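Take the given structure of chain D and dock chain X to it, following the hints.
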Amino acid sequence: MNPESFRFCPIAGEQARIIEWILSGLEGKVDDNVFFNVNLAVEEVVENVVSYAYEDGNGFLEASKEITGDGILRIVIKDGGVKFNPLDKEDPDITLSAEEREIGGLGIFLCKNLMDKVYYNYENGCNVLVMEKNVA
Amino acid sequence: MDVTIKNEGAVCFVTLNGRLDTTNVQRFNEDIIPVMESDAKEIELDCSGMSYTSSQGLRSFLTLQKRIESKGGKMVLKNMQPNVKQVFDITGFSNIFKII
Chain D
66 MNPESFRFCP IAGEQARIIE WILSGLEGKV DDNVFFNVNL AVEEVVENVV SYAYEDGNGF
126 LEASKEITGD GILRIVIKDG GVKFNPLDKE DPDITLSAEE REIGGLGIFL CKNLMDKVYY
186 NYENGCNVLV MEKNVA
Chain X
98 MDVTIKNEGA VCFVTLNGRL DTTNVQRFNE DIIPVMESDA KEIELDCSGM SYTSSQGLRS
158 FLTLQKRIES KGGKMVLKNM QPNVKQVFDI TGFSNIFKII
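So the protein sequences, as listed, match chains D and X. For the first sequence, this note's numbering assigns the number 66 to the initial residue and increments by one for each residue that follows. For the second sequence, this note's numbering assigns the number 98 to the initial residue and increments by one for each residue that follows.
Simulated from the structure, these hints should not be mistaken for laboratory data. Bear in mind that the values here come from a model prediction, so they are computed numbers and not experimental data. Misleading hints may appear alongside valid ones.
Unchecked claim - With a straight-line Cα cutoff of 25 Å, these simulated BS3-like cross-link-like pairs (lysine-lysine) come out:
| no. | chain 1 | residue 1 | chain 2 | residue 2 |
| --- | --- | --- | --- | --- |
| 1 | X | 138 | X | 163 |
| 2 | X | 182 | D | 94 |
| 3 | D | 154 | D | 143 |
| 4 | D | 177 | X | 182 |
| 5 | X | 103 | X | 195 |
| 6 | D | 182 | X | 182 |
| 7 | D | 148 | D | 177 |
| 8 | D | 177 | D | 154 |
| 9 | D | 148 | D | 182 |
Chain X extracted, bound-state conformation:
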């Protein structure tokens, strides 16, 4: 999973590309530390290039959102692929996250 982070004013844009699975979730958790620590009020994750996530990936998203919200920030997930969206739907995560 490639993670690109770009801060523009109060918004932090994060682009995700590739698979998020057991082989790379730890690396992903490290890659998103700057997002966790960001002072941005809005975090936008572009998921159009994310082709897969396991439950470990879902946990990473939940941890990230909890962290962002604890600082009064907001997080949105954009352009999710249907297969990935299905994983969020089954687990009820679609109701927890703002997905547009």
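For reference, chain D alone in the conformation it holds in the complex:
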């Protein structure tokens, strides 16, 4: 898959369209379980950006995707919203009981567990989250 990118703006309520664009062309090309994992990781990240990146709920999200020559699927999600590194967030304590578990905070934790590598940069006033998965 050659590198492709698309800038969505405005993004309020556009989660489904953004996720669909990122995943398009992947289904059938990668293992079903890998597709499931990538789908979920992408959904969690996109949902966070759409819900929390912009105070007024509107702004841009730029998505890029490629499969490198050595079979690494690399997805980059960029936004110009509030500076926020989701990887700074402490992992939820998954050993707690139902009563003690907080509702929320699972999205980025799932993303980190489902992808091989997730990293964050703040570049030119933008949050840039990179997710990688070996799909070879």
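Showing chain X alone in chain D's frame:
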């Protein structure tokens, strides 16, 4: 996500079919209100047709279980697909729910 609810005596059978994601979780939360309000002592969710859930879906299950247990009821999740079960395992939700 299609939700079918059937009450049989003290048991409420719920059948889930389809994907539970950002596009339909709100609708799902509305669909399961009758289960939340059910007087059944046992809630059985047949998950064999549920092919996907996001963290928002997990939250819905947690909210549902807390509600059921607050009324002294019990909830079980049955026949979960491996990909979905994996999401429950990663998040520790497998230890919170009774999954058979």
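Evaluated hints:
1. 138/X to 163/X: Distance of about 13 Å is within 25 Å: holds.
2. 182/X to 94/D: holds (23 Å)
3. 154/D to 143/D: Holds, at roughly 18 Å.
4. 177/D to 182/X: Roughly 17 Å between the alpha carbons, so the hint for residue 177/D and residue 182/X holds.
5. 103/X to 195/X: holds (20 Å)
6. 182/D to 182/X: Roughly 22 Å separates the two Cα atoms, so the pair holds.
7. 148/D to 177/D: holds (19 Å)
8. 177/D to 154/D: Satisfied, since the Cα-Cα distance of roughly 12 Å is no more than 25 Å.
9. 148/D to 182/D: holds (21 Å)
In this structure, none of the earlier numbered hints is contradicted; all agree with it.
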